[in-house]
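With chain A fixed as given, assemble chains B, C and D onto it according to the hints.
Number of protein chains: 4
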Amino acid sequence: MSPAKGDESMIIVMKPDAVTGDVDNVVERLAEIGAEAHVSVGQVQTVVGAIGDRETIQQLPWEAFAGVERAVPVLKPYKFVSRDFHPDDTVIDVGGVPMGGGHFAAIAGPCAVESRDQLFTAAEAVHKAGAKILRGDAFKPRTSPYSFQGLEEEGLQYLSEAREEFGMPFVAEVLDPRDVDLVASYADLIRVGTRNMANFTLLSELGRQPKPVLLKRGFTATIEEWLNAAEYIYKEGNHRVILCERGIRTFETATRNTLDISAVPVVKGLSHLPIIVDPSHSGGHRELVAPLTRTAVVAGADGFMVDVHHAPETALVDGAQAILPDEFSALMDQVRALASVMNLQL
Amino acid sequence: MSPAKGDESMIIVMKPDAVTGDVDNVVERLAEIGAEAHVSVGQVQTVVGAIGDRETIQQLPWEAFAGVERAVPVLKPYKFVSRDFHPDDTVIDVGGVPMGGGHFAAIAGPCAVESRDQLFTAAEAVHKAGAKILRGDAFKPRTSPYSFQGLEEEGLQYLSEAREEFGMPFVAEVLDPRDVDLVASYADLIRVGTRNMANFTLLSELGRQPKPVLLKRGFTATIEEWLNAAEYIYKEGNHRVILCERGIRTFETATRNTLDISAVPVVKGLSHLPIIVDPSHSGGHRELVAPLTRTAVVAGADGFMVDVHHAPETALVDGAQAILPDEFSALMDQVRALASVMNLQL
Amino acid sequence: MSPAKGDESMIIVMKPDAVTGDVDNVVERLAEIGAEAHVSVGQVQTVVGAIGDRETIQQLPWEAFAGVERAVPVLKPYKFVSRDFHPDDTVIDVGGVPMGGGHFAAIAGPCAVESRDQLFTAAEAVHKAGAKILRGDAFKPRTSPYSFQGLEEEGLQYLSEAREEFGMPFVAEVLDPRDVDLVASYADLIRVGTRNMANFTLLSELGRQPKPVLLKRGFTATIEEWLNAAEYIYKEGNHRVILCERGIRTFETATRNTLDISAVPVVKGLSHLPIIVDPSHSGGHRELVAPLTRTAVVAGADGFMVDVHHAPETALVDGAQAILPDEFSALMDQVRALASVMNLQL
Amino acid sequence: MSPAKGDESMIIVMKPDAVTGDVDNVVERLAEIGAEAHVSVGQVQTVVGAIGDRETIQQLPWEAFAGVERAVPVLKPYKFVSRDFHPDDTVIDVGGVPMGGGHFAAIAGPCAVESRDQLFTAAEAVHKAGAKILRGDAFKPRTSPYSFQGLEEEGLQYLSEAREEFGMPFVAEVLDPRDVDLVASYADLIRVGTRNMANFTLLSELGRQPKPVLLKRGFTATIEEWLNAAEYIYKEGNHRVILCERGIRTFETATRNTLDISAVPVVKGLSHLPIIVDPSHSGGHRELVAPLTRTAVVAGADGFMVDVHHAPETALVDGAQAILPDEFSALMDQVRALASVMNLQL
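Protein chains in written order, with the numbering used here: chain A, 51 to 396; chain B, 51 to 396; chain C, 51 to 396; chain D, 51 to 396.
Extracted from the complex, chain A is given alone in its bound form:
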């Protein structure tokens, strides 16, 4: 699938004061790796187009060559997750719930599983309101070592019981490559959190197990880096990757993070994978959950995921952004009306 000879994969811009020998070195190195050079000599600067296998060319440290000002990659660094590779939308089945290609799914539940009762209260409410997939975490990454870290396997057991009781598949986060088998043995969809998007050993492990993966965007990752992370999982053999936009870090402090809603149509253009939005963790405030969820529906996302808690002021994790069961139910009414305008199957 890699573009073969003939694709201009990299543009190498020489410095204005580069000498002929500098250009020759670049051209020779390209020849050594089986690539061709197109040299355009200008009055100010010389530009070399490198034509050949993208991966081979992009690996070389062109900016370390004498006389090179910068090297500009032309082709995208990922391939399998690219829409160029697979033009149609991918539809992914999560425990019987389809996502992508016009299938829109609501994922809801508590941020963290705190107890069987707390989980079941939330699960019953979100199921009744129309959520198709349950969320709830058993392992939590916490900025402070003094915060609650999750119920671990006990939490996964409660989630499995809730799946039986309400007929909803569930998604849960994995933090450690050593826990991948454990989480995969329980969950229908395994989540990679924002802090682990570039945890490449974890991504590779997830590429070698059978459950679909929900890959959150690193809050400081570009869209290109995010798609590269998806490629890590995909190339190991697991093609069922769902992306989740959850806000990026900016200078604005009125919100926890800045939801990059534009990422939804941008990713839809670049990739065939489904993408959902997490309005709870991006905004960080309860009042923002409904408006941001509505934007997800109309921006072209394939679903959304929200925190629901029956008593947010007692929540052990992220209470400030959890909405109440009644608020979730009212939100689902709006979601259904907007999804109908957008011709989505809910």
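No lab work stands behind these hints, which were simulated from the structure alone.
Mixed in with the good hints there might be a few duds.
Since the list gives no way to pick one copy over another, a pair counts as held whenever it fits inside one copy or between any two copies.
Listed next, the in silico DSBU-like pairs over lysine-lysine satisfying Cα-Cα at most 35 Å (straight line) [as the list claims (entries may be wrong)]:
hint : residue 1 : residue 2
1    : Lys285    : Lys318
2    : Lys285    : Lys65
3    : Lys318    : Lys65
4    : Lys65     : Lys178
5    : Lys318    : Lys178
Note that the coordinates shown come from a computational prediction; the quantities given were computed from them, not determined experimentally.
Below, chains B, C and D alone, put in the same frame as chain A:
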């Protein structure tokens, strides 16, 4: 309107190694300005709550006092534009078109006025499709001094002629305080561009003339700074300020700027002023205009503003983000359907 | 000086699904403007190199053309301020004090002129400690409309008196294009503040008056945008522009802004203009002034500018970042020792 | 060490429209956890100071309580790594080389170990020039799954052989908690890379093994989050943590990341741990390495770490930022001269 004695306006946190004299200095300075101090002596650090007139207290350089670690403002720095001051939504009339309080308006037209024909072609198309206000600039701020800078007064004349022809009020940008009277003599709504949001002399001039002002968010301004900028205009006597979210600068390069759609509900909570969204300048790509406009409708905005050009590849400014008249017409159909779900008057 | 025919000024990357007609349109448009196209047809994507006059090519909205994925500029958008145009360091005389090309100058004084006494106290101290240029502002841009806005012309008069008294030229800020003549009639060096770096009407005015200009970097401007702003002044005829790095806006909140010290060597590579550093406004805390000033000396800057106040806790503007006269004197001892290692003339 | 009763740990700001019952709920919840409330009723807003154990108070989701506008933490969230806990500089011994408290160390070597020869060539050169610790990685986290991932254990063996040959301890990165024992069995100092700063399971493992840890700042982490990450390691029992500033992600693209040199004096004020700077990975360009290294020496850092490669244009990882052995040798001469001015022991 300023909170009088009794409001804890500032929290002054002393350093762990501050001595008693340091705390005394702070307390004495507060007494000198007629404020009270509430001193809470901890085992690690002492905290002083400053109670009194917000503006007087927040002006003093507390972090310059010996022994002070930091000073945390408690009350917001703006007042007239705050919802605390004016709880109901403000509705602003723009040449007969109401905006705010459930009234939603589409603003459309070319980024820059290039010629009478170009303007009239766009104006006719957007009017037919349902836009209520025409956009088009006669003065353009350009990053490069070698770019097209606008038709100046000639452009304003064409805009006035289009207003007559199609019965649409228009919005145009002003760049220089010396041009305020000129632009105000033609336009129905005067725009402050993103680069001028903190041009305080320009803001003050606009506060002293009668036309409503469309204040774009600085692409690097926090929401608090933006509301402070609106306060500059408001306090000079012009209470007709409409805010416009247009994307902020982040590390993401796939889009021109990152549309901060969360700013819409955040501003709605903080201020009574109308707020609209500019999906063209935030995304910077034609394909993003429709999805981002849809998010504006459902996020709670009072309108949106888009660039429309009949031949974007010939546009002198920002052609990459202009949509075609037909695309605008199709977008308006979606906007109407979504506005109906949101109970907005279009 | 503009690169003529023969320079590959822009790389136009076509979409993978672009059709032949799309490429033809691009090639024809290039021909119309007198440029040549080098077309490289790949297996995945076609790439068009546009060869010809940079300014003509870079003005066209290539991303608005059907089938174009993106357009990547190869040559820099500025020319006169570029080191390619003028390879040697420019040395600028500020009221008798040389800056640039190995000449290093300390600029110090109060942030704002508050009174004649306050100014003279600071001026005497910084002069004695070795500062060569006095700073002090008569016009202040303030985020809040309720803050002190400066003494205006009275402040400029005090600065002129201090110049006579201590034999130091001075720098002062101008905010409004209408005040350029006034400030130019008093000051030896006119400062453009961070919020006005992209105030193009102000820049153009400054390009048409005879005093040298100190151009602060916009706290949200890229280095390229900053050099473009300098180009605005330069191309109007004023070639005496000094750049000032003063911190950029990032997500970090421990400092007021993040001093981008790397900008010093980067700018030195790109431009022949002198560059100085403002450690006071970037850090925002008194304790950071000395370490950041030291970094300026060794990073290759041509000077620095710091706020000095005899009683920071009474300062009307930015007291938290002002250092005391004694602290400035101790700092100058360190600066001299480091400048000696760096072979700078102080 | 935790501040007991009496410290005002959190300021809870109520909304202007909060009712008495809302304030009562907050006060009651504080009483339940053994904390006291200081209530300040203003004309606009009520402010509650929460006095008691910091960790207990800061864990509760105050912003989820009805009527709460925001909760502002007063005390820092970390304790053991804080200078309040341990006022003197910590000196850490790395295989016989002291770092911190005036002891300054140069760390140098190739980014990645590519072969025994490549490593030994670099090691010999940096040893001769005065580096005290060797760098070289056997495991590499790569953004693209198609890039070179490291020699793994073979690389660690070569590093151990170089240690014997040149008498230099070495630092190497660990990526996966499963590799901690392996890396710890070879390396003198274990590095946590920027992408793993918030990999809390990895941090906890490193807290339970005996080798000192070099903790790079996440390129998107605030200083407070970074110190929290150090606290994770420290509280597990490993008190030998060295911090490494390596640049943060900003909007500027002229450099790979923006070196936050201010972080050095800020961290020195907040923490007793040693801190070094990595000028290679922050700047990303060879020409920036020398100036940025010089800033590290004078900003107060306890050392620096640079990539050195005898043939950067052949490097498998990050060649563009590697300097040549001769350049490193010249840089060390400058470092020695500046360290002498700063009274550092090299």
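Verification of the hints:
For the homomeric pair Lys285 and Lys318, the shortest alpha-carbon distance inside one copy (20 Å) is at most 35 Å, but the shortest distance between copies (43 Å) is not. Taking CA atoms no more than 35 Å apart as the test, Lys285 paired with Lys65 passes between copies only; the shortest distance there is 24 Å, against 37 Å inside one copy. Taking the shortest Cα distances, Lys318 and Lys65 sit within 35 Å of each other only across copies (15 Å), while inside one copy they are farther apart (37 Å). Proximity of Lys65 to Lys178 under the C-alpha cut-off of 35 Å is restricted to the inter-copy arrangement: shortest distance 33 Å between copies versus 65 Å within a copy.
Both within a single protomer and between protomers do Lys318 and Lys178 lie at most 35 Å apart by alpha-carbon distance, with minima of 31 Å and 31 Å respectively.
Checked against the numbered hints given earlier, this structure breaks none of them.
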